[in-house]
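J.: In the order they appear, the protein sequences are chains X and L.
Numbered by this note's numbering, the letters in the first sequence go through residues 204 to 630 in order.
Numbered by this note's numbering, the letters in the second sequence go through residues 514 to 1042 in order.
Heads up, a few of these hints could be off.
Unchecked claim - No farther apart than 35 angstroms at their CA atoms in a straight line, the calculated lysine-lysine pairs in the DSBU-like style are these:
id	chain 1	residue 1	chain 2	residue 2
1	L	K592	X	K469
2	X	K476	L	K728
3	L	K854	L	K953
4	L	K800	X	K451
5	L	K953	X	K465
6	L	K1033	X	K465
7	L	K728	X	K451
8	X	K469	L	K855
9	X	K465	L	K746
10	L	K746	X	K469
11	L	K618	L	K728
12	L	K758	L	K800
13	L	K1033	L	K618
14	L	K855	X	K476
15	X	K465	L	K618
16	L	K953	X	K451
17	L	K746	L	K592
18	X	K465	L	K758
19	L	K800	X	K476
20	L	K758	X	K469
Claimed, not checked - Covered, in the sense of this in silico footprint (three residues per stretch, anywhere, with C-beta under 8 angstroms from a C-beta of chain L), are these stretches of chain X:
id	stretch
21	404–411
22	469–478
As the list claims (entries may be wrong) - One side only, chain L facing chain X, incomplete, derived with CB under 8 angstroms:
id	residue
23	Y591
24	T784
25	L836
26	Y881
The set of hints was computed from the structure by calculation and includes no laboratory data.
Quantities reported herein were computed from a predicted structural model and do not represent experimental measurements.
Even glycine gets a Cβ: it sits at the ideal position worked out from N, Cα and C.
So the chains spell out like this:
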Amino acid sequence: MNGPQKTDKRVPLLKKSGARSVFASLVSILGGILVGFIVLLLLAVFAEDIPFSEAFSGILIVLGGPLSAGSAKDVLFQLGNMLFQATPLIMTGLSVALAFKTGLFNIGAPGQYLMGATGALIVSLSLPTDVIPSWIVWILALLAGTLLGMIWGAIPGFFKARFNVNEVIVCIMTNWIAANLVSWIFQASGDRFINYAETKVSFIRKTASNGVATATLGLDKLLGNSYMDISIFLAAGIAVVLYIVINKTTFGYELKACGYNKNASKYAGMNEKRNIVLAMALSGALAACGAALWCLNGAQDFIWNTYLSLPADGFNGIPAALLASNNPIGVIFSAIFLKYISVGGSNLAAQTSFNEYVSPLIVAVIIYFSGFSKLIKDLLSKERIKKAEAAPAAPLPDPDPKEPPAPAAADASAEAEEKTEKGGNAL
Amino acid sequence: MNETRQEQDLRTGKADSPYVIEMRNITKVFPGIVANDHITLQLRRGEIHALLGENGAGKSTLMSVLFGLYQPEEGEIYKDGEKVTIRDPNDANALGIGMVHQHFKLVDVFTVLDNIILGVEPNTLGFLNKKAARERILALSESYGLNVDPDALVEDITVGMQQRTEILKMLYRENEILIFDEPTAVLTPQEITELIGIIRGLAAEGKSILFISHKLNEIMEVADRCTVLRKGKYIGTVNIADTTKEELSNMMVGRNVKFTVDKAPAEPKETVLEINNLTVRSRIHKKNAVSNVSLSVRAGEIVCIAGIDGNGQSEFVGALSGLEKAEPGSSVLLCGEDVTKKSIRYKNTHGMSHIPEDRHKHGLVLDYSLEENLVLQRYFEADFQKNGFIRFDAVRAYADRLIGEYDVRSGQGPVTVARSMSGGNQQKAIIAREMDREHKLLIAVQPTRGLDVGAIESIHRRIVASRDAGAAVLLISLELDEVMNLSDRILVMYEGEITGEFDPKTVTMQELGLFMAGAKRQDKEASEK
């Protein structure tokens, strides 16, 4: 399911490299879990108040995710919340993955996320639902948020294309500009948006207060009265569409070509500058759409004084994309997995003597290790080549090959250089 | 084979091996291919031994085994009759084996001296002691006639001097066995003559030299013996004195190869490309890379721009194709239409085909498959897409046709990742793509760079066929052989200007060489002489 750059070859290769990607992701996850376990063990050994056995039960709780919640009702509740919380993460993961495909590093997802949330909140709380049907307001709010994020994402794209400014720098700046801009807008708006009614002045009013909320189809009731709604299905649908766009369309072909080799794309007559702006705009739209979906759930408290910190889901899109080898379909699963582990982490704090700071640490270790999936994938392919070397040479399609392919022909040292280059591109 | 006896002798120390290096029955297998199939190579002390073979014949692989970059599956290496294991280049270095790679391994922003001592820096308690090193280097360069300036930055010196720096690096490390991987590929005729003199001198001093090449003329000129590989197999070792160029090429390719291109006299028709006062600013220095170049190419002729690398050819072609901006006042007319400011795509779809100089930078998306690369300028055409969705079946059918027609060889056919293909086949893929597109103008920049005689022959035939089909061909080449063989008209570019125009039938290579080096120039009005 992973490695879309291989998928479009539509051959047995797909299976091999796809399986390799999945396997690599699993190995990195296991590595993370192992190190997480060692951390728990060390803590249990050195902290006097933590019994040694809790290291074992602790790691099991983390691994259990929502399943280690206890009662069946709690399990369902946590499961529902996990799926709902995974929605924005899927979207930011898609955002980062799309940019990676085009050779760009979108570290601006947090800022785009904030802009998306702001757009969605302002529209959903301002439009009178007694005049306009609330489902129309919902759609308008989603579009407004997405559009705002799109513009926000296009900014670093524009600077990159026009002035060749590294997108990472502009992304980081736009992140903080967004954080302060959002705080300023809401502060200036006073009680119009801020939740004075419930005396929760750090938060924006819930959109449900204006009758705007994502349809749940009874899923929230089914899953222990959780926040569950249909947004995760929308996100999964968007992931599938993105997969198709990247792999089956001329647009995707161009984006990937620009990502792999900007010069050759230019030589071939593609407008690589336009593609950079487009890719960043789309990335921004995806991240913002995720934020809008989260806000429009109806029952969420959006912290408006964002100048203090950037939303974690924006940054966590990066590990979600890496863990999925930038495959949009894979992002659905990697994002859900990351949320699964963090639910397990909160259960760890709730149920054992490990304090609340340990669980994010364990989750961070696992996320950190997910970054190794590319490395492990490369190691695996080397392993595979070794095995193939041991096996008798596969027959070539041509009965009398004049020129042998690949490594034999390439200048050995140049080849080695290319390998290191590829390795260096791990991000 | 009397190897067993020989081995016994070696073990008992009876034999004093006549070979400084002996590689026996080396086999190296890569997925899908046997790169070296039981190859034996014997290098005598003080000889110049050429290693000849087409691209992909296994020359580089064999040398990489000797240099410790690859481990062979089978076979042994003997140094002075003693069996050795070479695990990495450090081992090779310890055995006195040095290599000048095709692409030099120099640090551009370091001086020549720093590059030479890099890795074996003389020091006192960790403090560099360059003085002794400098004296040794100067002594070495004097005794071997290697003229270098030890204090110049590598980025400022000529390619020839960079190569001499590489040679000094080997000598400084007291290497006895010197491997040269296609050393002449980057040099001008004059520099080649100089290099051949240096190599002879090294051999006379007792160094043993392995000289990898697929240029027969050079091998005939410089080598004592020559080992020929073909498709990973050992074909034979011959004494150069007892052989001919034809026999060598026969051994290398397995058939007779023509060295001259069969072509009828050109019948130029209407002007296809007209360039007026083309000026391109340099990206590196303040000068213009191309200044005031005016020329025209007519349908049915091959016009060649000869020149030493870095005299503005890249910028010139860039401005034609649209990769670089031309200065105001320049104009490029394609079939009478001013295309100076048109997009690359417009030119691509209006009769311009372009075989780029750098196939990795511009020619291919290396991580794309062969078939994806073959439609790089056509994926948006109605044949290959419907409503924005790529028609993969049409792409596949098209790729299969081109692969068959142009004999592009690869491990997995159309789905092979371009990166894993050999250089020659990558180039063939580009040529297939550019030739197959309808074109009135073909710009071919060093179309045969790094290719072997067999591939060169086929590409030259294609270019002539394109001309005969009515295309105007603008060829930019650094290889004088190619210039002389292929062109109907020769222009020499020196420092961004056209300094001479010649008829290939009447001009000599030496004369061209003088113009290329800037020693001579024709006046714009009439020729100097």
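J.: Give a verdict on every hint.
T.: Consistency of the hints with the structure:
{"no.": "1", "hint": "L/K592 to X/K469", "result": "51 angstroms, violated"}
{"no.": "2", "hint": "X/K476 to L/K728", "result": "42 angstroms, violated"}
{"no.": "3", "hint": "L/K854 to L/K953", "result": "19 angstroms, holds"}
{"no.": "4", "hint": "L/K800 to X/K451", "result": "46 angstroms, violated"}
{"no.": "5", "hint": "L/K953 to X/K465", "result": "27 angstroms, holds"}
{"no.": "6", "hint": "L/K1033 to X/K465", "result": "40 angstroms, violated"}
{"no.": "7", "hint": "L/K728 to X/K451", "result": "45 angstroms, violated"}
{"no.": "8", "hint": "X/K469 to L/K855", "result": "14 angstroms, holds"}
{"no.": "9", "hint": "X/K465 to L/K746", "result": "39 angstroms, violated"}
{"no.": "10", "hint": "L/K746 to X/K469", "result": "41 angstroms, violated"}
{"no.": "11", "hint": "L/K618 to L/K728", "result": "23 angstroms, holds"}
{"no.": "12", "hint": "L/K758 to L/K800", "result": "44 angstroms, violated"}
{"no.": "13", "hint": "L/K1033 to L/K618", "result": "34 angstroms, holds"}
{"no.": "14", "hint": "L/K855 to X/K476", "result": "16 angstroms, holds"}
{"no.": "15", "hint": "X/K465 to L/K618", "result": "26 angstroms, holds"}
{"no.": "16", "hint": "L/K953 to X/K451", "result": "32 angstroms, holds"}
{"no.": "17", "hint": "L/K746 to L/K592", "result": "22 angstroms, holds"}
{"no.": "18", "hint": "X/K465 to L/K758", "result": "43 angstroms, violated"}
{"no.": "19", "hint": "L/K800 to X/K476", "result": "28 angstroms, holds"}
{"no.": "20", "hint": "L/K758 to X/K469", "result": "43 angstroms, violated"}
{"no.": "21", "hint": "404–411", "result": "violated (count 0)"}
{"no.": "22", "hint": "469–478", "result": "holds (count 6)"}
{"no.": "23", "hint": "Y591", "result": "21 angstroms, violated"}
{"no.": "24", "hint": "T784", "result": "24 angstroms, violated"}
{"no.": "25", "hint": "L836", "result": "6 angstroms, holds"}
{"no.": "26", "hint": "Y881", "result": "6 angstroms, holds"}
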